[in-house]
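Hey, can you work out the whole structure from these sequences and the hints?
Protein chains in written order, with our numbering: chain R, 16 to 522; chain D, 82 to 455; chain C, 2 to 340; chain G, 1301 to 1720.
Keep in mind that the hints were calculated from the coordinates and are not lab data.
Any given hint could turn out to be false.
[To be verified] Taking lysine-lysine and the DSBU-like style, the derived pairs with C-alpha atoms no more than 30 Å apart in a straight line are: (1) Lys-220/R with Lys-240/R; (2) Lys-175/R with Lys-214/R; (3) Lys-183/C with Lys-242/D; (4) Lys-125/D with Lys-31/C.
[Stated by the list, open to error] Pair ranges (Cβ atoms, derived): (5) Met-1673/G with Arg-493/R: 51 to 59 Å; (6) Asp-323/R with Asn-374/D: 34 to 42 Å; (7) Ser-89/R with Pro-1475/G: 48 to 56 Å; (8) Asn-88/C with Leu-287/D: 35 to 43 Å.
All figures in this text were calculated on a predicted structure; none of them were measured in a lab.
From the three backbone atoms N, C-alpha and C, an ideal C-beta is built for every residue, glycine too.
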Amino acid sequence: MPDTDVAVELHGITKRFPGVVANKDIEIVVRRGTVHAIVGENGAGKSTLMKILYGVQKPDEGSITVNGQQQSFSSPTDAIKAGIGMVFQHFMLADNFTVLENVVLGAEQLHGIGGAARQEIERISSAYGLGVRPGDLVADLGVGARQRVEILKVLYRGAKILILDEPTAVLVPQEVDELFDNLAGLKAEGLTVIFISHKLDEVLKVADEITVIRRGTTVQTVEPKGVTARQLAELMVGSELPTPQTEESTVTDRVALQVKDASLGSATGPKVLDHIDLTIHAGEVLGIAGVEGNGQAELVEIIMGMRDASSGVITFGDTDITEWHTREIREAGIGYIPEDRHRHGLLLDAPLWENRILGHQTEEPNIKGFLIDGKDAKADTQRIVEQYDVRTPSIFVTAGSLSGGNQQKLIIGREMSHSPKVLVAAHPTRGVDVGAQAAIWDHIREARREGLGVLLISADLDELIGLSDTIRVILRGRLSDEFDPDTVTAEQLGAAMTGADTKEEQA
Amino acid sequence: MKTRFDPRRLALGAAAPVLALLVAVLITSLILLATGDPVGDVWKQMLKAPKPGQFTDMINSATVLYFSAIAVAIGFKMNLFNIGVDGQYRVAAFAAAAVGGQALLPGPLNILLILVVAMAAGAFWAGIAAWLKYSRGVSEVISTIMLNAIATGVVAWLLAKVAADQAEGSNEIGTKELPESSRVGGIKLLSGTNKEVYGLIVLAILVGFLYWFVINRTRFGFDLRATGRSESAAVASGVDVKRMVLTSMLLSGAVAGLVGLPLLLGENYNYGTDFQAGLGFSGIAIALIGRNNAVGIGLGALLWAYLEKQAVTLPIATDVDDSIVKIIQGVMVLAVVIAYEVVRRVGQRIEQQQVTKQLAAQDAQPVAAEGAKA
Amino acid sequence: GSDSDTGDGGTTAPGGSTGTGSGSGSAALKVGLAYDVGGRGDQSFNDSAAKGLDKAKTELGVTSKESEASNGEPESAREERLTSLINGGYTTIVAVGFAYAPAVGKVAKANPDVKFAIIDDASDASKGDNVMQITFAENEGSYLVGAAAALKTKKAHLGFIGGVETPLIKKFEAGYIAGAKKVKPNTKIDVTYLTQPPDFGGFGDPAKGKTAADGQFQGGADIVYHAAGGSGAGVFNAAKAAGAGHWAIGVDSDQALTAAPAVRPQILTSMIKNVNVGVFEFIKDVKNGSFKAGNRTFDLKSGGVSISMTDGHINDIKGQLDQLRDQIISGAIKVPVKP
Amino acid sequence: MTAGLEVGTSVVHEAPRSRKIPTKYLLASGAAGIVLLSLLRVITGANDIDSAGIVNAALIGAVPIGLAALGGLWSERAGVVNIGLEGMMILGTWGAAWAGIKWGPWMGLVGGIVAGLLGAAIHALATVGFGVDHIVSGVALNVIAPGATSYLATRTFTGMQGGGPTQSPTIDSLPTLSVPGVDGLKDLEAHHWFLASDLAGLIRGLLTDLSIVTIFAILLVIGSWWVLWRTPFGLRLRSCGESPVAAETLGVNVYLYKVYGVLASGALAGLAGAFLAQVAANAYREGQTGNRGYIGLAAMIFGNWRPGGLAGGSLLFGYTDAARLRNAGSNIHAMILLAAVLLIVVGLWQLLRKHRTVQGVIALVVGGGALLMYLFTDTISSELAGTTPYLVTLLVMALASQRLRMPAADGKIYRRGEGQ
Ligand SMILES: Nc1ncnc2c1ncn2[C@@H]1O[C@H](COP(=O)(O)OP(=O)(O)OP(=O)(O)O)[C@@H](O)[C@H]1O
Ligand SMILES: Nc1ncnc2c1ncn2[C@@H]1O[C@H](COP(=O)(O)OP(=O)(O)OP(=O)(O)O)[C@@H](O)[C@H]1O
Ligand SMILES: [Mg+2]
Ligand SMILES: [Mg+2]
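Given below as structure tokens:
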């Protein structure tokens, strides 16, 4: 009985992608003036559903009702007209545009693109305490600020229904709290918020209602007071939830990798890396926490030789590899799980067996002399596929046609196959669903037991706390002291990650 | 790229060029109709089977074009656009002719010297663009275009300096002619004509094979293709992309250096104002038609040469201006690339569907979640 | 006036087979004419050749087929062109331009009973018992216009603009300079070439022609001679822009009659290279069976090259020019072929 | 194949993002340039290097290149690389001549623009419609256009008075304007006084007999800047070049704006062709464009994808080309001295300030070589003079390229709904 206090009603939504059913008979009712959370594991279909509600993608079946009116959106324009705004999981900002330009784009008819628009932005910014400056170049902004620009974009268009797709994925606890304050403010204004997240404690904190999606279908809608995080998780996964467990320490005193006083200057302003000192022992997992964009990527790049540090020394065992080239470093036995598998880990339109060669073009079994040894490489790919449970019909399909999780498992298998002495793992389980996640953790632990040194960079604090022997926090290119994962709390880490409350400057 | 043992995919692959040819024919016919030219006659003329003599000429042109297209393709394989093959082969042919004309070495050795000089000169000229990109990040598209123009001036200048006295009553100037002993005789391929196929066709085939082998079988080739498919992934995998730019540009230039040699060693015997120009640009088009594939390029070169051949007789036989053939060629290039793009997309889609179907088939239960992710 | 402008010729599409069945009905000679790049309507020597052919059509009642070279074509294409003309039954072949030299040489050997003429080449490459090599003493004609320019200039400062820097065009330059220096040794002569081979754009880029000529006029020259084919149009425009007292000298045909009407008044004179005469003579000889193989030079003596008196701008110096002409004809003056 | 390699250009990402150079610096450097030129003139006695004539010629030379470059700007700001400019320009020359002869010179301009648009339509269909690699499509277009043009020319111009397969009859010319009074500066210029005469020449060159199209071109440069950077339309168009996916999610019809960009680019390239046919030559001529389309692309790139920059680039090219065509002997010879001095200065700077030994030494050696060349020759061979514009372009690119920043999504193939 759709009455007027229902903001959005999704009925029987089904969406098929080539070979995939992303959404199947979705049923959701969102009441006006509430925060409605949608939870589900990776690939469950949350983003797709929201993209449908926002008119980016068209549903194959089902109906969308907004404020009691049946709608069929053919483009975001229609959705925006209907008062819907969306903040995407992956930021939708043009780096080389100013905040102003990013905000007014597509909504020029409201206040033009000049002074009037500027004032409006400043008004909204102060009204919701977003602290956004219209003149800034987005490229110069930190993640938190970008998040707020995204929200401002939506508010600027006078949206009454906000969709936030995993807004907290890249935020530290303090930032999350701020975001939630903002949401509370919005709610008070009578706005409706649809909120997507994996982080169930957060969800329980802010949501008035929670809808769980599993494998594309709505499982159940619950009230936060009625459930615990664990119950929610089991609804999501449909099974027991694995949590990372470090067993007894395997740390030796043999130094596997050492970075001494490494810095990386940047043409603009502050150093990207600032006198970094770190040591990884054989059998040790060193976890690096930090807000994205504080130098993690650069740290990895100088270790992997993809960039030259402007100063400092990097030693592998007891050999100085500072001047070495990426290939030599990889040959020497440093494995690499890149942060962005699509850009750095795979050739999406090459077959799996060629992707198995990638990164080890100069090592057995991939080669015979200066030739590529297709036969052995294929055989070994088959082995990886079986051993690491990569779900694929054959090793001849292109990597791009696998799901993220399976892509990730292939990469892990590939790196492990060359028995590295050190593994540089950036967000090894990002965007990978729970089953695969557990498997990947086990592989890391096992290798660790055999004396592997791991540099683990992750945004997922639970993962860090669960896997690491030592945790350090990177902030504005500087490394903090060590934290003991057994005692440290997420809040403590969060504080360190943001340098207490002075996070604005990190932009 | 390709899934093994997949007839559907093969069919798709074959579909593209055929589709493209048909489109080209269709559009051209429409133009002819629009301008009131005799469509039927034109195609009758265009499709006339070449006589042995013409066929030989065709193969010869194709040989020259083949070198050019391979040179371009080497760059294309890693997203490097060597628009400068034209300048490179002219510089190279001149250098080779100038040196060869001196007959510093006895016959066969001199031929070898000519080959080496040509490749070196071509590589050098390409090297300038490579270095500019390597050290200064100058787009090779721009630099090679500029270098083509500069090559013209420099070669003209040098030619004026070293030019042998022009033959009595002739209006051409050129380098000293190669001695008889260092020319490459032709091969009698077809009866019914006294025309011969350039001896260097053998070199062309060899180069084609090497191209295929290096690209598809060697570590270097893997790095090259990896860079072409995803520069970022290649870098992460340890490929030194800047070095690759240098190497592949030099290789491309070296092959470009060979473009002029069939003419130099088998036809003109010197480099002069009458030396054939513009071969570099046809090379680009042919590389595109042939999809940077050694065999495909071969067929592309033959097709290109065939069309050029027919173009000559077209106006005489039908009173239709031969520029219509240029239109055919251009439309074909465009149609080919479009067709391949479409086919690629369709192929991708099909594969994604297959993957999920097969996964679903493998096991319905818990895997479905994963499977759904494909 | 068949010798007027390219327009009349233009009425036949290239390759247009026009059987003007006037008179000699069945025995009509079939002439195949292969142009150099640019073809009919290039306002240059191709056009001039076309003119000769048109004359032959009207006066000798021959039928013809024309075909044009394209840029950067392989040697075999030129052979192919001649051969297919022959296969088409056109057994009297005119090849316009030295680029055809090797082709004519080869094809002539293969077709001994076909009569060939090649323009601008007398090398062994095109020699043959059935080949008439038609060359012109461009240097002699240029010598005269050079002299005329030197006599007419008020500033003892002239200009020369060559389309593409080839030996043939340098022949024009050489004669021009020699002629000018002869009558005024202290004459300053600016020389500009628009492009270098194999970039033959210099024969078809009026914009470059104008810029270059502007430079020479503004640099103090008051008369500029061009041997730049279609780029000449730009030179004429420059002369017009430079205003009264500035002249351009035309080339190949009498451009005071063929150029754009607006600029004709700026044209002091033209160095006429009667390719049309050469072509017509050849066809006539073949028709009358008086064909003779070998090189035939069309020079001042034979009237193959000449200086135009149209519009009478140089009537006042006609005397001196005639003197020089006679000296050249008599051999008293040797005109250089290289600058 | 996609947007080509990012190697080297990657340096850009770190390069300072100070995009705006304050006008006062621009003016200052402009003034410095003039002083330098007049010094050079006085020293070398090459009076033509900044005469009214050369300035005027440079302007005329720059217009077609600049218009092509502007075309490139429109399409690349919308994210579509366009090396088909040359082809569109060629179509423009024919369109202008044909329409110009049929309906008079003003319609000629229209004809050129329309012809260019047709070429652009093909490019748009291939790149935006079918998602073909941009450079590939451009190359194909550059094969089709000359063929189509020469075919059309043969069909249309043969049989016309003074026309033929390779050239059209003359087209009536368009009006030209001069600012009254400026011609008086002639005498001042004739004195060849330091600076005064140079300024006189400059002003006279810039303000006398300007073709109406030249004025259009200047207005178009300014207009393009205004439209692209000051209007919602421009913002949307640029957003397609910077982040089409973001634009899509804000309801911008990316396909549409990309098509607009490409079409505008075709229209401008066509106008460039019209300028060549109608103003620079008043007739169509086969091969008339002489690769100016490619040069325009280069001009746009070292103009850093900005109207002001590309105008500068075009003028630089127009100037060097005019210099060598007008009087290579003294002009280019004089420039060698300039180049020598600049190179030596740069070399010393690299050595002493930047401590870049290699670059420094290279610059010094080349500079020294140039200096010797200047001292021991008194003219320059016409063959080499012809390469000046291209050499200069290459040089400037080599010096500037690392500070350039192309639109983030330029040349990337975009498909709706396949973002992220
Ligand atoms: N553009 C697309 N083309 C093909 N399949 C897609 C596309 N987008 C998503 N999918 C499929 O739909 C499924 C649902 O994707 P979706 O992004 O909605 O998951 P999600 O719940 O947002 O995951 P995450 O929590 O990681 O964001 C994915 O598993 C994927 O296989
Ligand atoms: N355009 C697309 N075509 C095919 N598959 C796609 C497309 N977009 C996304 N996918 C796949 O859909 C899955 C889910 O997409 P999405 O990125 O929304 O969720 P995700 O879990 O964050 O993805 P990933 O697991 O790769 O990080 C991923 O496996 C991704 O590879
Ligand atoms: Mg999602
Ligand atoms: Mg995700």
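Could you check the hint for me, namely that Asp-323/R and Asn-374/D are 34 to 42 Å apart, CB to CB?
-> holds, 38 Å
Taking the CB of Asn-88/C and the CB of Leu-287/D, does the distance hold inside 35 to 43 Å?
-> holds, 36 Å
Can the suggested window of 48 to 56 Å be confirmed for the beta-carbon pair Ser-89/R and Pro-1475/G?
-> holds, 50 Å
Given pair status - Lys-240/R, Lys-220/R, alpha carbons within 30 Å = holds, 10 Å
Restraint status (C-alpha distance of Lys-175/R to Lys-214/R at most 30 Å) | holds, 25 Å
Agreement of Lys-125/D and Lys-31/C with the hint, judged by alpha carbon distance not exceeding 30 Å = holds, 24 Å
Quick one: are Met-1673/G and Arg-493/R within 51 to 59 Å, going by C-beta?
-> holds, 54 Å
With a cut-off of 30 Å on the C-alpha distance, tell me whether Lys-183/C and Lys-242/D pass.
-> Holds - the C-alpha atoms of Lys-242/D and Lys-183/C are around 28 Å apart, at most 30 Å.
Hint compliance for this structure: no hint is broken.
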